[in-house]
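Protein sequence lines, in the order shown, are assigned to chains A and B.
For the record, in the first sequence the residue sitting at position 216 is 216 according to the working numbering, with numbers rising by one throughout.
Whatever position you read off the second sequence (first residue = 1), add 1000 for the working numbering.
Keep in mind the hints are simulated off the structure, nothing from the lab.
Think of the CB as a built atom: it goes at the ideal place given N, C-alpha and C, for glycine as much as any other residue.
Treat the hints with care, since some could be wrong.
As the list claims (entries may be wrong) - Listed next, the in silico SDA-like pairs over lysine to any residue satisfying Cα-Cα at most 25 Å (straight line):
| # | chain 1 | residue 1 | chain 2 | residue 2 |
| --- | --- | --- | --- | --- |
| 1 | B | LYS1141 | A | ALA345 |
| 2 | A | LYS97 | B | LEU1029 |
| 3 | A | LYS198 | B | PHE1054 |
| 4 | A | LYS307 | A | LYS198 |
| 5 | B | LYS1167 | A | LYS97 |
| 6 | A | LYS342 | A | ILE361 |
| 7 | A | LYS342 | B | LEU1144 |
| 8 | A | LYS198 | A | ALA116 |
| 9 | A | LYS342 | A | TYR352 |
| 10 | A | LYS324 | A | VAL137 |
| 11 | A | LYS307 | A | PHE368 |
| 12 | B | LYS1141 | A | ILE361 |
| 13 | A | LYS342 | B | GLY1135 |
As the list claims (entries may be wrong) - The following residues of chain B were derived to be distant from chain A, with all beta-carbon distances above 12 Å:
| # | residue |
| --- | --- |
| 14 | ILE1015 |
| 15 | VAL1030 |
| 16 | GLN1059 |
| 17 | VAL1069 |
| 18 | PHE1073 |
| 19 | ALA1096 |
| 20 | ALA1103 |
| 21 | PHE1104 |
| 22 | GLY1108 |
| 23 | PRO1130 |
| 24 | VAL1132 |
| 25 | ALA1137 |
| 26 | PRO1145 |
| 27 | GLU1147 |
| 28 | LEU1152 |
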Amino acid sequence: MSDPINLIATWLRELLVSWGLAPGLITFIMTLLGVLAVAIFVLVIDIFLVWVERKVVARFQDRLGPNRLGPFGLIQPFADVIKLLIKEDITPNGADKVVYNIAPILALATVLILWAVIPLSSTMLGADLNVGILFFVAAGAIGTMGILMAGWASNNKYALLGAFRTVAQVVSYEVPMVIVLLVPVILARSMSIGDIVKGQTIPYIVMAPVAAFIFLISAIAELGRAPFDMVEAESEIVAGFHIEYSGMKFGMFYAGELLHALTMGALFASFFLGGWRGPWAETYPLLGVVYLLAKAFFLYWVIMWIKYSLPRIRIDHMLNFNWKFLTPLALVAMMVTAIMDKVLAQSGTVFYALGMLAANIVIIWVTFYILSTYAHGERQRVAEPKPLATPELGKAPKS
Amino acid sequence: MVTSIQILFIIIAGITLGCALMVVTSRNLVHSALWLVAALFGVAIVFAILQAGFLAVVQVVIYIGAIAVLIIFAIMLTRRIAQDIGPRFNENWAWALAVALVAFVALGWMLASQPVAHTPLVPLDTRVDPVVLLGAALVSKYMLPFELASVLLLAALIGAIVVAWEKK
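For reference, chain A alone in the conformation it holds in the complex:
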């Protein structure tokens, strides 16, 4: 009874064979059932996430959060869902109907599709693609397309502004993210997420803390969560790309955003924290699912912690931070990892990990040195007296 899911799958397959179905059809039915099982599992977690989000934000803001419906307010998310379902479904005047309706589907589907390549445990893996990491990037690209479509089709200037900001933000933060994802690829010598998790006898966060840090930041930017919520910035462009959406169409954006955060957590766990790995996870595959979800929820909590603690940063600062800090740092981290990998190729696992860690510490130290020098210069520049406050204000300004 160590692996109930695969036991059920084998039993079902034998049952179908005994009915005398064609082998191709059996594979098709089994795949369909697998897809349905994973999608339903993930979507049920998604409903639960609404409660987690509200409860945790309440705790960060020194409130109680939902506590009236059921024990600890556990029925609250169902009330939320029912409210969303029975709301009037509005399509604004002048909206591009087809594009307007496809956009929320894309927003949720591109997140759901990522669970196909995340290994849930040693025996449970949707599709062991040899290009799993690129698949993740490609799904993100289609998700960006969904947001662009929503912003354009809404026939609303704020929605369009939100779409513009999305392109500026998501597309530029994709650069350091993709570069930094090469670090686990170098360490595991494979682009398959299953192989990356299998390679982590020592979690890669020990060997590549810089890469993990950059991935977390660019993941938050990709999610469009605070402090990178320029995409929906309530105080500037009301709600950004989903301003015109109501009812379940808005619900799909909302569910997609929450699930995306958890998915990013699961991906971070798979890339840097060892995914389903943990004590006895090899012998009891179900335990692997628990470990993966625990790590994913921890990362989800970290993302929320950052979201509710930091104010939104300005859009030019956001872009400067990406292009002048994260991208060069990601390039350095990737190149140092590749060089160290060749240097340490002959040494044992522990020595290899220690060498990588030492290289990362040097990167961190140099980065802090450069940053403090820059900050020193900035402080001096800001402290200089401003020309506006000079006493010659009464004179006519020289062009």
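Chain A is fixed; fit chain B onto it per the hints.
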């Protein structure tokens, strides 16, 4: 004998061609761009049918994630072109159709006359990772073209920086 893969290919190719046709006939430029995305996605599915998973994913990342987004962004930033502006045809459409047909027939004939076109589809060996082979080939056999392409991209990057440079 038509296999299921062939049926799948015909359906996908038909959808891709239909989307490509919509790119040039649709009355709205943003719709054209979105149809282009659908057509590019269809090409990615064709790659996937041919078991070229790497090419399929890269097709989506580069053509949809970068190029199509850039096209849509350029359309949105240009005034008064993101709305219906009537039919997309001028009086030269017949000439364009003729040239396209000639090009299609010539390319099709060239491909069909190759001996490769008549070999049946062989499933890939599952023991070797095609991505690993591709990577190894890029830094050994195809070293020079690979490096040349990199230098070209680097030149484009530096050129973009020089154009955008603010003179002080």
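Holds or violated: LYS342 of chain A with LEU1144 of chain B, Cα cutoff 25 Å? Answer holds: LYS342 of chain A to LEU1144 of chain B is near 23 Å, not above 25 Å.
Consistency of the no-contact label for ALA1137 of chain B, given chain A and a CB cut of 12 Å: The claim stands: ALA1137 of chain B keeps its Cβ more than 12 Å from every Cβ of chain A (closest is about 16 Å).
Quick one, are LYS1141 of chain B and ALA345 of chain A close enough, alpha carbons at most 25 Å? Within the cut-off at roughly 24 Å; holds.
Report holds if the minimum CB distance from GLY1108 of chain B to chain A is greater than 12 Å, and violated otherwise. holds, 30 Å
Is LYS342 of chain A within 25 Å of TYR352 of chain A, Cα to Cα? Roughly 10 Å between the alpha carbons, so the hint for LYS342 of chain A and TYR352 of chain A holds.
Starting from LYS198 of chain A, check that the Cα of PHE1054 of chain B is at most 25 Å away, please. Given pair LYS198 of chain A, PHE1054 of chain B holds - Cα atoms ~21 Å apart, limit 25 Å.
Pairwise hint evaluation, VAL137 of chain A against LYS324 of chain A, where the allowed Cα distance is 25 Å at most: Holds, because 22 Å separates the two Cα atoms, which is no more than 25 Å.
Does ALA1096 of chain B clear chain A by more than 12 Å, comparing its Cβ with all Cβ atoms of that chain? holds, 27 Å
Please confirm whether PRO1130 of chain B is truly not at the interface, meaning its C-beta sits more than 12 Å away from all C-beta atoms of chain A. It is violated; PRO1130 of chain B is separated from chain A by about 7 Å at its closest Cβ, not greater than 12 Å.
12 Å Cβ clearance of VAL1069 of chain B from chain A: violated, 6 Å
Would the pair LYS1167 of chain B and LYS97 of chain A pass a check requiring their Cα atoms to be no farther apart than 25 Å? Violated, at roughly 46 Å.
25 Å limit on alpha-carbon distance, applied to hinted pair LYS198 of chain A and ALA116 of chain A: holds, 17 Å
Hint check: violations occur at hints 4, 5, 12, 15, 16, 17, 18, 23 and 24; the rest are consistent with the structure.
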